[in-house]
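K.L.:
Sequence:
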Amino acid sequence: MSCKLEIQKLYEQWIEAWNRRDAEGMAALFGEEGVQIGYDGSMAIGQEAILSHLAPIFESHPTAPYVTKVKDIRFLGSDIAFLRAIAGMVPPGESDIETSVNAHHTVVAVRKDNHWFIELFQNTPAQFHGRPELVEAMTIELRELLS
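Residues in the sequence shown are numbered consecutively from 0, following numbering that gives the first Met the number 0.
Everything labelled a hint here was simulated from the structure, so no lab data went into it.
Idealized CB from N, CA, C, for every residue including glycine.
Any given hint could be a false lead.
[Claimed, not checked] Pairwise CB distance ranges (calculated):
(1) Met0 to Ser99: 32 to 42 Å
(2) Ile44 to Leu145: 28 to 38 Å
(3) Asp39 to Arg83: 14 to 24 Å
(4) Phe57 to Thr105: 30 to 40 Å
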């Protein structure tokens, strides 16, 4: 498997774990000191903190699954990579993307002992203040993945 495919698979595993509401599975994808920055700006550092942050979310909220599209994967060295994706969410019981929570996902991955781990995952709102055409363009691109 090529390194780009390995990075894409790592991200897809994170998305799949979120969509399964699997806090343990998500935390396990991070390096020991990996950082997760959530949509609301909350930050957790390290697998235990990430697990402690995510578990109550899944226990007490009906989280929406992600629909994502990887836009770019670049290598910053032989053992460090950068992934950029766009993301939307389909609320439980709905069939369309909720545009108010569209986001950009950024992942920095590091290879240790021939295994890739997430060192940084950042979920940034993509609200494009004052530019509704950009929200619509992103939403259209993500909707194509629903069919």
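K.L.:
Among the hints numbered above, which are violated by the structure, and what are their numbers in rising order?
P.N.:
Per hint list: single violation, 4.
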